[in-house]
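K.L.:
The listed protein sequences derive, respectively, from chains A and B. Residues 891 to 1229 (the numbering used here) make up the first sequence, in order. Residues 891 to 1229 (the numbering used here) make up the second sequence, in order.
It is worth saying that the hints were derived from the structure and are not from the lab. Virtual Cβ for every residue (Gly too), placed ideally from N, Cα, C.
Covered stretches of chain B, going by a simulated chain A footprint (3 or more residues, C-beta under 8 Å):
| no. | stretch |
| --- | --- |
| 1 | 1047 to 1061 |
| 2 | 1140 to 1148 |
| 3 | 1152 to 1162 |
| 4 | 1188 to 1200 |
Listed next, with one range per pair, are the computed distances between beta-carbon atoms:
| no. | chain 1 | residue 1 | chain 2 | residue 2 | range |
| --- | --- | --- | --- | --- | --- |
| 5 | B | 1173 | A | 1193 | 39 to 45 Å |
| 6 | B | 1136 | A | 913 | 52 to 58 Å |
| 7 | A | 976 | B | 922 | 32 to 38 Å |
| 8 | A | 1102 | B | 1189 | 31 to 37 Å |
| 9 | B | 1185 | A | 1115 | 34 to 40 Å |
| 10 | B | 1181 | A | 1105 | 39 to 45 Å |
| 11 | A | 1190 | B | 1130 | 39 to 45 Å |
Number of protein chains: 2
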Amino acid sequence: MKSTSSYHPQAPYVLGVDVGGTKLATVLATRTGQILHKVRLPTEADKGPQFGVARLISMLNRNMAETGVTPDEVIGIGVACGSPMDTARGIILGPPNLQSWNPVPIVARLEAEFGLYAQLENDANAGALAEWLFGAGKGMHNVVYMTMGTGIGGGLILDGRLYRGANGNAGEVGHMRVVLQGGPLCGCGKRGCLEAFCSGPSIARRTRKALRQSPNSAILERAGHVDQVTAEHLFAAARQGDALALHLVDETARYMGVGLANIIQVLNPEVIVLGTIATEQGGFFLDRVRRVVRAESWPQISEVVQILPSPLGEQVGDYGAISVILQNVAREADSDRPL
Amino acid sequence: MKSTSSYHPQAPYVLGVDVGGTKLATVLATRTGQILHKVRLPTEADKGPQFGVARLISMLNRNMAETGVTPDEVIGIGVACGSPMDTARGIILGPPNLQSWNPVPIVARLEAEFGLYAQLENDANAGALAEWLFGAGKGMHNVVYMTMGTGIGGGLILDGRLYRGANGNAGEVGHMRVVLQGGPLCGCGKRGCLEAFCSGPSIARRTRKALRQSPNSAILERAGHVDQVTAEHLFAAARQGDALALHLVDETARYMGVGLANIIQVLNPEVIVLGTIATEQGGFFLDRVRRVVRAESWPQISEVVQILPSPLGEQVGDYGAISVILQNVAREADSDRPL
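Throw the hints in and build the complete structure from the sequences for me.
P.N.:
In structure tokens form, the structure reads like this:
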């Protein structure tokens, strides 16, 4: 923990900033995680990072002004954003959906503006912290968090703290290979990654490919045209009992289940929290994944792991941002305990 | 850390016990890991655990008597053995090669006998600790250790401490699935595990299968008969340039490389230390594995990870046993540092 005069570990409030490609959000919350005030505005990425950072500063000022909170009542400011980034120096390095923000020394800008300690973390790690402090991983020591949206990202809480790895790239669970050779090309440049089978766009692509061979499916009725097919159309048709859709959902669950089984064989966690598609589809999808995981991992490992949808859902961004700061509070409280 | 009067954290020596199916070894070492005295005797598993434990006690007495060291000069006794076990209670629960030792409360027996703190750990975790404290992972924070012998076991040092997972089963890297469906049956009951392709017996089985289809190979000349073929025959023939042998070595490196790439994509370690076959075969095999890992993982992850043979080799058992105790000494020294 950085020790500066601007870090107020005993203060009652915390600020959080969620920087996305299309929207910016800032929240003010209590130190126990109750969100009291939120501001949300479009990023307007085309206007550049100067505009965006100025907008964030005014949003944070609104968070405080409209609740009557002053900076000296705030522990610090947590910032979550997509990778790549330099977390040690607090610099955003042009994530895929916000490429003009490169470099943006967001931590230095916020610390200078508010005189408050700030910390930057990638959004997958922030999500893992959020699920551990406030979501499905609450009270547990070993939590794997996985998003299942445009991409498959992940974050790891191991032995009660965020695990970043040698240079901050731990938790890239979406880029494990689930087939030995070949497989579809992934956005990352590799082939056969879990993400190349199970992200939203990958599910849609696999569905479109299948429909071109077997167009007689309720999926097409929902989507109208094969080019319009999304993962949502697939799941809706599967719930209706459409045979092709059910086959594709089972196949998706197989890829996910094998990927999760490999993770739990190595990490033996208490919980895997799945966000986005897995949260939206709930038991209809997760029960299929759970069956594969049980068949593909040792009983003594699979019997202690829960596979749960994210209870935070779309709020994971807000909770993630504040958790970047609150993880330190949790850890300090922990180290105060007698051994 | 258990706090008993029999634990001597400042003492100059440490004792280690390595319990194997065919041999027992006990060592006395300095607290910095210099092994001063070793006793090695057959386990004689058929004589049962009472005999074996009595033998261990007499071996430990010899370690001390022949060096003139007394129990109050010993930090504690580290014990390494195969799983399953109850590490918290210090009980051996009949590992595959020592099934009659079930249950053996080895920690209670040694503590009662010597009045010294004792701690039990599975041999893969002990090996990881040994490589971290004394081998290829020295000075690093994130170390993956993998054996590649009769089975493929593993242990993880993450953020500078042994990571055990929710119930002590973390690090079972040999039982990740490397093919999506099917694959050879593994000793663990699953199919398609890394171990089912790359353990010594699995390599031999794959080689024998290939030889039945293409018997015109230098492998057969070395082994004499297809039923006698071992992994060593395969590697020796490959070094000679035999085409089938080279193909099988490349295939083995592909399985290992994909498995390692998946591990580093999730854990982003500084080093993977490979024991047994990988140590024996050195660069001839490891360079092939390294090429696969580089092709199958992100540059920012693969460029920070070294893939190294175990420098401890057959001594990993001795170093592992003392490391079970010395990990605590290392951690206490670490926590004495100002934050």
